[in-house]
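Undergrad: Quick mapping for you: the protein sequence lines, in order, are chains A and B.
Take the first sequence: its letters are residues 1 to 117, numbered as in the numbering used here.
Take the second sequence: its letters are residues 1 to 113, numbered as in the numbering used here.
Simulated from the structure, these hints should not be mistaken for laboratory data.
Built from N, CA and C at the ideal position, the CB exists for glycine as well.
You may find that some hints are simply not true.
What the hints assert, rightly or not - Simulated DEER-style distance windows between Cβ atoms:
1. 67(B) with 105(A): 18 to 28 Å
2. 11(B) with 74(A): 35 to 45 Å
3. 80(A) with 82(B): 38 to 48 Å
4. 11(B) with 51(A): 32 to 42 Å
5. 12(A) with 53(B): 45 to 55 Å
6. 39(B) with 51(A): 23 to 33 Å
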Amino acid sequence: GAGVSQSPSNKVTEKGKDVELRCDPISGHTALYWYRQRLGQGLEFLIYFQGNSAPDKSGLPSDRFSAERTGESVSTLTIQRTQQEDSAVYLCASSPGASGGITDTQYFGPGTRLTVL
Amino acid sequence: DQQVKQNSPSLSVQEGRISILNCDYTNSMFDYFLWYKKYPAEGPTFLISISSIKDKNEDGRFTVFLNKSAKHLSLHIVPSQPGDSAVYFCAASEGGNNRKLIWGLGTSLAVNP
Numbered sequence: 001g002a003g004v005s006q007s008p009s010n011k012v013t014e015k016g017k018d019v020e021l022r023c024d025p026i027s028g029h030t031a032l033y034w035y036r037q038r039l040g041q042g043l044e045f046l047i048y049f050q051g052n053s054a055p056d057k058s059g060l061p062s063d064r065f066s067a068e069r070t071g072e073s074v075s076t077l078t079i080q081r082t083q084q085e086d087s088a089v090y091l092c093a094s095s096p097g098a099s100g101g102i103t104d105t106q107y108f109g110p111g112t113r114l115t116v117l
Numbered sequence: 001d002q003q004v005k006q007n008s009p010s011l012s013v014q015e016g017r018i019s020i021l022n023c024d025y026t027n028s029m030f031d032y033f034l035w036y037k038k039y040p041a042e043g044p045t046f047l048i049s050i051s052s053i054k055d056k057n058e059d060g061r062f063t064v065f066l067n068k069s070a071k072h073l074s075l076h077i078v079p080s081q082p083g084d085s086a087v088y089f090c091a092a093s094e095g096g097n098n099r100k101l102i103w104g105l106g107t108s109l110a111v112n113p
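If we strip away everything but chain B, and leave its shape as in the complex, we get (with noise of 0.2 Å):
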């Protein structure tokens, strides 16, 4: 039973556009969210993230929503850079001493010039 679900696999989006990637969690135990990148034959990097005691996260082109009432969060990428095209995972931890991470199956987004 996935608790981290990323329902879209894939996503295309033109250069300069805003990317919106989003993930819905059923845990409602969770209280810290990541978002991480990965490319082709390297291991995922951290990219932002946020604890449950705020709703947004800015860094950059980067921001992360969080909606706990509906379980939801959301990554934005403005604007969207061909580099930007990665398999993006999000993941959620109840925090506290546990850090085992509960990832998503990943959504992978293409930027196009």
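Chain A extracted, bound-state conformation (with noise of 0.2 Å):
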């Protein structure tokens, strides 16, 4: 079946500028998750959406950063007033979401590069 999709693969933008990034998660899966990862370093935790829940925001690096979810598909990432050290590979995961408190595996998707010139 259909894996973890995201676009664009690439962007390029220009500080100052707007930037919106699309995921859409494995059918069926309820949790999703936005991360990025910067030049040299580990994968940051940005938001997590489960169901219905009330969003975890709690890696969001500033007020410039947001997200939201349609239910239980697709998500979109925005970023407003780039400035260049958005410039990282921000990828999605989702995960079925099963219950009993185990940690679900979390699919990914290839990522969108951002560049911020």
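Taking the hints as your guide, dock the two standalone chains into a single complex.
TA: Dropping the structure here:
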């Protein structure tokens, strides 16, 4: 079946512009995550959606970052007034969201490489 | 402050030999650990995991060992194959409803034919 898809695969923007990144999770997965990976760094958690619960936004680095998810489907990550330090690969992952407190396996998309000039 | 540390940025191994990738953590509350593999231009893919109630988990050529007292885990690949060449990430979580994974910086493994 289809995996997690992300678009665009690459985005080059000018400092100060807004960008919107899209994630299509695996169908039926209730949990969705956004991460970013800067050059030479590990994956950095940004935000987590689980079903209809309030999202965990604790990883968002500033109020320029926001994300939305419609039900249990598509999610968009928006970065307003982009800065050069926002340049990174933005990864989306989804998981089945099984109950019981067991960490689900996260399935990752290929990422969006954002370059802010 | 890195809570999950992979101190070797790269490792080179001969085909057929054992690859050992190491990971150390500082947060004693971590109780679930995972290894992911990442090829260039692709997202990470899940490889193997271990719960803190175990000290070993094996899946084919891949075995993960956990030493809780030392806050150390390792991934063994035996025998190593050229297709195993990738970046390997160690990740940890506190389990429960906290599904935020804390990631290491990765180790780039090269398996030479």
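Undergrad: Run every hint past the structure and note whether it holds.
TA: Here is how each hint holds up against the structure:
Here the CB-CB span from residue 67(B) to residue 105(A) is close to 24 Å, well matched to the stated 18 to 28 Å. The supplied range of 35 to 45 Å is met by residue 11(B) and residue 74(A), whose beta-carbon atoms lie about 38 Å from each other. Under the hint 38 to 48 Å, the C-beta atoms of residue 80(A) and residue 82(B), about 44 Å apart, fit the expected range. At roughly 40 Å, the beta carbons of residue 11(B) and residue 51(A) sit within the given window of 32 to 42 Å.
Taken as a hint, the range 45 to 55 Å holds for the pair residue 12(A) and residue 53(B), whose Cβ atoms sit roughly 47 Å apart. For residue 39(B) and residue 51(A), the hinted distance range of 23 to 33 Å is satisfied, since their beta carbons lie about 31 Å from each other.
Comparing the model with each earlier hint shows no violations; every hint is respected.
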